[in-house]
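Colleague: As a plain string of letters, each chain reads:
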Amino acid sequence: MRKSIYTYAIALALPVVALMTSCEPRELKAEDVLVANEDQLARELAAENVNGEYTVYNINDLIATYCVLEEGNFESEESQYRTRAIYHGDTYLFAIDTLPTDGPGIYIRGRITTDDYGGNFYKALVIQQTKDWATGADIDQQNLRISVDMGSAGGMFQRGQEIIIRCNGLALGRYANQPQLCVPSYNNNIFASSADQKVGWAPGRIPSARFRKATRLIGAPDQSKLVYDVMTLAELDTKYLSKYEDIFGARKADGRLVKITNVHFTGEYDDYGKVAQCTHYNGSDTASVGNPELDKNACTFGPTTGNVGYPQSRYVKDDGDAHKVLISTSEYAKYAFFYLPAAKYVGSIIGILSYYMDNGRYDPDGGEWSITPNDMSYILPECQTEDANPRWIPVEWKKGVPQPED
Amino acid sequence: MFVLAIGLSAMAQTSLRGRVVANNTQQPVVGAKVTLANQNISTTTNAAGEFALLYLEAMDEEVLIEADGFVPGLELINLKENESNQLDDILLEPDIVSQTESEILLNLTEEEMTDDEGRSQAQASSSSASTDVFNKTVSFGWSTARYRNRGYQSNVENYYIEGLHFNSMERGQFNYSAMGGLNDASRYKEVLNPIEATNFTFGGVGQSTNYLMGATRYAQGWKIGAAGTNRNYKARVNATYSSGLMPSGWAVAAQLAYRFSPYIDQKGIIGEGIKYYSLGYFLTAERVWDNAHLKLITFGAPTERGQNAAVTQEVYDLTGSIYYNPYWGYQDGKVRNSRIVKSFDPTVIAAFEYKIDEQQNFKVAAGYHYSWYSNSALNYFNAPDPRPDYFRNLPSYLWDGQIANPNYETSAGQLFDADGNHYPWGLFVGEDLNGNSYGDGFIGHDGNLVGPSVDEDTYNRLVDLWKARDNKTTQIDWDKIYATNYANNANDPTASARYLIERRHNDLQEATASFNYVNTQFDHLKMTLGAEGKFSQGIHYKTIDDLLGGNQWIDIDAFADRDIKELASNSGFTQEDIANVRKNEIAADYNERIADKKTRFGYDYRINMGNFKAWFQNEWNFNEVDLYYAIAFDYSSMQRSTNMLNGRAWYLTKIAEERTGANPWLYYGKNSYDRIKAAEANGTLKAGTTYVGDAHHFLDPAFKVGATYKINGRNHLKVNAIAETRAPFARDAYISQRVHDAVVSTIYTHDNAKNLKDFYAASEKLVSADLTYEFNYPIVRGRITGFFTQSWGATELNGYYDDEARTFVNQAMTGIDKRYMGVEVAAAFKLGNYFTLTPVASVGDYRYTSDALAVSSAENGMPMTQDLVTNSLVFETVDKVLLKGLKLSTGPQVNASLKLSFFHPKMWFADVTVSYHDWNYLSVAPSRRMQGLYTGTRVDGTAVNGWFGDTYANAIETTDGRAARAIVDTDPTSATYGQATYENAVLDANGVPVLRYPYNIMTMQESLAATNPLNRFIIDASVGKLIYLPNRQSLSINLSISNLTNNTHFKTGGYQQARLPRAVRQGEPDYRNSVITANAWKYPSKYYYAWGTNFFLTLTYKF
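For the record, the sequence lines run as chains C and E.
Residue numbering for the first sequence follows numbering that gives the first Met the number 0, starting at 0 and increasing by one per position.
Residue numbering for the second sequence follows numbering that gives the first Met the number 0, starting at 0 and increasing by one per position.
Be careful, since some hints might not be right.
Quick list of simulated restraints, FRET-style, between CB atoms [said to hold, decoys possible]: (1) E:LEU1034 <-> C:GLU30: 50 to 60 Å; (2) E:GLY798 <-> C:ASP270: 26 to 36 Å; (3) C:ASP270 <-> E:GLU455: 35 to 45 Å; (4) E:GLY798 <-> C:VAL67: 30 to 40 Å; (5) C:ASN36 <-> E:GLY798: 40 to 50 Å; (6) E:LEU1034 <-> C:VAL49: 57 to 67 Å; (7) E:VAL462 <-> C:LEU68: 22 to 32 Å.
Rather than coming from a laboratory, the hints here were simulated on the basis of the structure.
All residues carry an ideal CB built from backbone N, CA and C; glycine is no exception.
Could you build all of it, start to finish, from the sequences and the hints given here?
Modeller: What follows is the structure in structure tokens.
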């Protein structure tokens, strides 16, 4: 009898082992999930398009091809209702061009320059292209913003990662002529301040699932392959900042990855077209002055806007204060409540060049260029090193503790 | 009473003896109930299948023999006066239908869907009372509908094995998976109706079940079986051997059962995305002496199984399947489920019974049980939420922006175009997500509109991906998850993986013992004395299951990391202090980089629980009346100890130290607080040190009494009553047990308890009574029972993301009162020789009878709000939860069925059951029923940031069909200062203002009954055949089909999500900028559905 129990046990155990080991998926390797080479990419792209037809556009070519009408095709084609109001002279603040859904694949390809962990690029990516896809030649950087409805998108789409996006069925939207890959979205936020000026069609975020599905990761991220415009404020000014009147110049300037050198903060900000000095916090428990939770003019990078959500901006100037540019920070950034460095700290700032125009409604010629860094480590990094002299040790605002002098 | 007992032994000598034998095996049937119908006396058979009934009246008698798993038998006998009457062996036929049903029931609880916390949401009662017509019929027949006995939660039902208590002391539930697939191990049991006289334990308001596993119960020989099913597993093979009682006095029996399903790559079927492997073993040995039995039992079932989840109606509709499972995705072209439960519950039991003399016996038993239970889950840090059914990934999320408020028209005419027409929000959508038509001009009821905020193409594209069940959209995108981790490695090899599969361990070890003494020395009196003791330890920690290509996981808390700026500005902390808050272990020597599968991270704590119970019962049996009464006394304790010092506990402690009136040692316990403070001061905090929290003690008395009046042999009237208190389970006692030691405010520690009543202050108090009329005629038998139970002062915990406080909040509710009342009716009619018709019904009303008090606090120590007068931060808010009048969500409250059974002596079995279920209700989220949401002010006086009556929501319905706004008393000297009243508001039965469409969707208690009444019916059927072969061999085949009509519209349960849709009003400070929006579909309810047609086919060969 003993033997037969044993026999049955083995008879039972064999299929157990067999079944438990079969059908389990193999662990994926990097080469399984990151496109390994150009051949593989070409094969995959051909496979997902009818007749294998597709084009990988240079970013500027895509914009030139599809952003033809100043007011965008979405408005004229689909909706008798406006995209958002026109404020800047005769320029449309918002415009949307839809991209064809069917037909050959429309692709753009570039390397991600942003990182949302610091809080400045909420649901937004910027990609940078430095090679012409047709010729393979090196070219001046071309950039495109991508608006995607994905929290912590930078976790999946990391800085330095090269990606390729199938754009069919998406849209190219423009805010103040800055193009972005998006979908049309109707903003009806009646709880917004000045809601009546904000309701209407505008470029909106691409639904997360669609973006994930449309996007491939090519190779591993390599931040060393990002290309910077390294320049002084004077050079920046000459090359881009005065060029807004030229729409296409502005388009080419927006989203560039720049490194400006030899700048310092002045504690100044733009007060509806005028330069004003930020307000100092005296450590009061009750007063709001200088308290970044309550005072939008406090001397920190990104004090509150009362959840209006526009980026806060603080000027940096160059040696001799001849040129200036705004450094912009979201009030939701992790470093938003850190005090601005004093003017004695001089160094470089790395960030994304962008134009902000909503203030245009107060000043028809208003709107200003600004630079948005990924996080605080991109601000005066030279001053933050251990052997820097003077060394800038960032200080965070704290209720009841006065703002340190310098 | 004692006086009555004397000298009533007149009808002395007439007796009846006999033996009950299974016809198929010729083995004695142990534990069969033998009843004399006319004089209503019953007994059960012993290990040899023998029974003896003494002191009988001489008359013609019907002897009814019932045993679990057998077709009831009936014998007629003329009892001769003053003789020892002897029956021939009574042969019982095995009931293969009920055996299959028991097996299906055994697996039911582990097939339940579980929510994100791993909690099973809708559990069926899965034990069947062996002989009661009602219980026997409903336990299987109503299991599809998740009927629960008298509307009680599963934790009031007590489960014993050989007299040892096996409910978890942490959650109160019995873990069936321990006996996974071991249909023989669980075959024999005694089940007691609520509040009866009991013999193995004191019992309680719920049913008590005692599994009996002695080896002598099993028929000598071999049994092998195979089963096929389309449920979560697809096949089962098993083998049982039993020696029978051997000359040596020993009997041994053993079973092996293996159940399995590989991943099956098919969508829209039962068990989608689920794999299942379970190997159960059961070994029992019994030594029999003249006066004693010794039983040694061990069993366990290492199991690995995938899970599935409840989802929202939108997802069911989009995927077109009630079997959609969001937990799996394709990896390397193969199905992989992210949620794999691994469990193994090895159990050893020794039980000894000794017959001191004819009138006295005792039993002692001891058992040990270690339960390894863990489930895996995807976790992520600073990366997109990987759940395909995450609300932001669904088409309904695109409806977010389109919120129009009719009252906004006057201040901003932009909502109308030049011709006075509304702008065409949702131009391409004609109805809302509940299917309500927008009507003319797409303007919804009351002018409120919610529709897609994107263009039609964009919206439809996402809808299409869902409808087509696109692999990357509707399932886990394993490729992108791996890609993210590999990319992350390249960017920074020392960074934390963005995704991992973690394994959440909830182990439990228990040592338990019991003693039971029965004395029948006195005429008419049976005295039972029992004692039970149990030590139990819940062991909770996380380990890594799979890094998914990542190099390591860095153990910090994502919520604390996200709120770091707020946490910093709310305290006088240094930057290093703030860094501590994110840590799950603050000791500096803790290595938070985890790369191996052994290291525990996240949390590592234990809950030690002790319990001692003593009870005493007297049963008096007289000609016309039986009486019993019993008392019990229960002591229990719980104490948490942790091996990790959580940063949020540390932060909360520091905050409490700064606050006046706060209790700084609340989060560590008193002794540990001093130790930790000293170690911190000396810089000697060491990782891995064990810190023991405060012990909490509970005293719970209970008393029960009952009587049976025997109108005659065939008609009985029974009345029972019980009063008891029940200490809270650990899961409801600790506010945030993974983080800290704090308990709900009604629980005392030995330090602050002052009076005896402090030891039962937190206990739920229950009284319950039932009245039963029982009848037993040859053609019909059954019962009618009315029951009433009231409980007071229950405690319940909830955790959820709160959009008002904008962080994860723990909410402790106390003072919950509930009432359960109803009627149970069952009758079994014999229709000729072959058919039995059994109508059964249970109609109940199970509801909350009070509001509850809730204390809410942020898990990471963020303030909940700000006091508008003093500007000080408020860390705990107190408010009422408007529960009064709501129904309990413990299954359908109206149930009725009609069962037709067929049994032919040539061993054909068949039955068909038609069941109807109604009055089944959604579980309501307390966070949506807070009083402050209606009044703007909480009970503690703090202001609610965004509520139904404020200007921006305008959610209150008026009698003339408009929106009421609250009138808030602004006079600081007034007694009702800060309180809100409404003019002409429509009030519900409890005086709570009724909300307008679509706000009403957010707070109402939804009925789960199918819209079409035909879909409230479930039809089950089964057919079986037993074939006798030569040499006592037999072969049985049984096919059981549930839900024959494939009704896929039957919701068995569901719950409201806790979050409320909120928007931010710009230009306002944080503490008053929140607005409840009309987007009722943003966090909709999640539902469980009953499976469509499913079958279970068994084949058993005995030799």
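Colleague: Determine for every hint whether it applies to the structure shown.
Modeller: Consistency of the hints with the structure:
1. E:LEU1034 <-> C:GLU30: 50 to 60 Å: holds, 55 Å
2. E:GLY798 <-> C:ASP270: 26 to 36 Å: Between GLY798 of chain E and ASP270 of chain C, where Cβ atoms are some 45 Å apart, the hint is violated.
3. C:ASP270 <-> E:GLU455: 35 to 45 Å: Given a distance of about 42 Å, which is inside 35 to 45 Å, the answer is holds.
4. E:GLY798 <-> C:VAL67: 30 to 40 Å: violated, 53 Å
5. C:ASN36 <-> E:GLY798: 40 to 50 Å: holds, 48 Å
6. E:LEU1034 <-> C:VAL49: 57 to 67 Å: holds, 60 Å
7. E:VAL462 <-> C:LEU68: 22 to 32 Å: holds, 29 Å
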